[in-house]
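Student: Residue-level listing of the chains:
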Amino acid sequence: MNRIANAFAASGETENKALIAFIMGGDPDIETTEKLIIAMEQAGVDLFEIGIPFSDPAADGLVIQQASVRALEKGCTADDLLNMVQRLRSGENAAKKITAPITFLTYANSIFAYGKERFMERCRDCGVDGVIVPDIPYEEKEELADVCEKYGIAHISMVAPTSKERTETIAREAEGFLYCVSTLGVTGIREKIRTNVQETIEKVRAVSDIPCAVGFGISTPEQARDMASVSDGVIIGTAIVKIIGEYGRESVEPVRQYVARIKDALS
Amino acid sequence: MKGKFGQYGGQYVAETVMSSLKELERAYQFYLNDAVFKSELKDLLNNYASRPSGLYYAEKMTRDLGGAKIYLKREDLNHTGSHKINNVLGQALLAKKMGKTRVIAETGAGQHGVASATAAALMGLKCEVFMGKEDTERQALNVFRMELLGAKVHPVTSGTMTLKDAVNETLREWASRLDDTHYIVGSAVGPHPFPVMVRDFQKIIGEEIKAQVLEAEGRLPDAIIACVGGGSNAIGAFHDFIGDTTVKLIGCEAAGLGIDHPKNAATMANGTVGILHGMKSYFCQDVYGQIAPVYSISAGLDYPGVGPEHAYLQDTHRAEYVPVTDAEAVDAFNYLSRTEGIIPAIESAHAIAHACKIAGSMGHEKIIVVNLSGRGDKDVASIAKYMGVQINE
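Just so you know, the protein sequences line up as chains A and B, in that order. Just so you know, the working numbering puts 141 at position 141 of the first sequence, and the rest follows in order with no gaps. Here the working numbering runs 1000 ahead of the position in the second sequence, where the first position is 1.
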């Protein structure tokens, strides 16, 4: 069983839902990103999404846009992040190797500029399990299908509140897990999550066993618990990135505490 | 509709907006062949935007350059002062038919924003325009013009604060409010069906050129020259001539301070294939795919990409794309003003500059048509600044 399936299965057995954390790679610097991942795994994160900073993150709200700017100002590249994952997998800078699945959340252009074949090959070699590409919808997934299959990298699909009859089509071909976008708009914290996510997940479950994780807008333990109650896991991004934005290199401890609180709410 | 031009084009957008693109594609396919829609649009173009625009024989310029005959396609004389109104009237009418009550738009120089605000006022639609903060400063007059027309202008402070960032912000806004809102994309860029639809609403330029030049000269021109940012006026002028292989199609892109200088926006000269703003095309970018902070004196050409159909025309060598610098464009701006009494938009001045370069070496029997895509009133202040002239407003 691959690491992604494992993460959801392990959560299921203990009746815990998976906690998925997003952080922007290289924000505020690579060393801190590395420390954050180690600390968050200890605090109970089941799966990581590492953002590759991009100049034009059109699917992201202000908090993640600013994280992207900070990482780019430090000169963070896809190679830096691939090397970082390799270190985390080999346990070079920690007492213990990171065993949780690691995915890259990246805009299509970062993969294309790198060369999609070379990118996926390096993902495999460094220990990256999947890619989430917000600007490659179902209609364009052929772009990555061959290379993802060749190197065993899961191309994780997204469904949105607007997907409607597209939901089943997407779910049938989904790999790894299905990223269920809770609300309209871009990434960011919402006070209230008005959503038909439960309806979406029911449609998915009618056609597929793929684990469903809910993302966009979630920041409080209550929201996490609510969203987890109808799904297999929750994705938290902006709320963590905001703490990193505030504390910078000192963010490891506050992030660990925050993540532990969310994990608690899911137990 | 496949939405691809060779490998270019496509629909590289978030899943959230896919259903709206599908809805738009269906509506467009339907109204494209709907007699009522077509006659309403024709009426708007003729009676509101004052089409057809003239094809003017620039006799003094022709004599002065001493070679090919030069005709100017006067898109500058359209209502709102540029070709942008052709596309905007089409899309706003379509939005209304689709039951949308609100339109949003990005703008660079402000011409598309003004055209969108105008059409929205006419058709009773709410209008919000996203414009890079830097552009709101260099085109302050157009900001006020949009406000006069009842639109709300949002200065965009992310990224390089120019056109590409305005597109990002409009895409974000659209993703958050799809039900009642149509995004009027201003150039032949973006995800399918926008590049096809914008081209179809602009191809009237080339169709008119063909009829007008045949009437005046009894034959097709030897070259059509247009400026290219995203490329809507160029694709509009070129499209009807793509099958006429004796007609050279020449796009002029903004070379800023020079194609070898870091400050330029010459996508065809310096770009590589990439994905941005929903499309695969050429983009100015670094080896990791970070989009380059491009530059041009012209806000309308200050864009790091180009429409996918142009990328295809470049690869297939059906069209040729040449760089024109700020300095050359400003010279052409002054030249056309003094020679013909026509102040061109600084964008269009890039096309004039190239005509000046090649006309002299062509025979007297040759014919060049330059698409004068917009008028230069909006640029007077920035040209004065460029030339070091103080103006007290």
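Simulated from the structure, these hints should not be mistaken for laboratory data. Note that this is a predicted model, so its numbers are computed, not measured. You may find that some hints are simply not true.
Taking lysine-lysine pairs in the BS3-like style, the calculated list, with each CA pair at most 25 Å apart, reads [said to hold, decoys possible]:
hint, chain 1, residue 1, chain 2, residue 2
1, B, Lys1210, B, Lys1060
2, B, Lys1152, B, Lys1038
3, A, Lys74, B, Lys1263
4, B, Lys1100, A, Lys164
5, B, Lys1248, B, Lys1060
6, A, Lys96, A, Lys35
7, B, Lys1210, B, Lys1366
8, B, Lys1133, B, Lys1385
9, B, Lys1022, A, Lys203
10, B, Lys1060, A, Lys164
11, A, Lys141, B, Lys1004
12, B, Lys1022, A, Lys141
13, B, Lys1038, B, Lys1133
14, B, Lys1096, B, Lys1022
15, A, Lys164, A, Lys141
16, B, Lys1100, B, Lys1060
17, B, Lys1097, A, Lys164
18, B, Lys1203, B, Lys1097
19, B, Lys1022, A, Lys164
20, B, Lys1152, B, Lys1096
21, A, Lys116, B, Lys1357
22, B, Lys1096, B, Lys1133
Some chain B residues judged to face chain A by a derived CB distance under 7 Å, without partners named [what the hints assert, rightly or not]:
hint, residue
23, Gln1007
24, Gln1011
25, Val1013
26, Glu1015
27, Gly1099
28, Leu1141
29, Phe1144
30, Asn1168
31, Arg1172
32, Gln1290
33, Gly1360
34, Ile1383
Glycine included, every Cβ here is placed at the ideal spot set by N, Cα and C.
Student: Hints broken by the structure, by number, lowest first?
Tutor: Hints 2, 10, 13, 16, 21, 22, 23, 27, 28, 29, 33, 34 not satisfied by this model.
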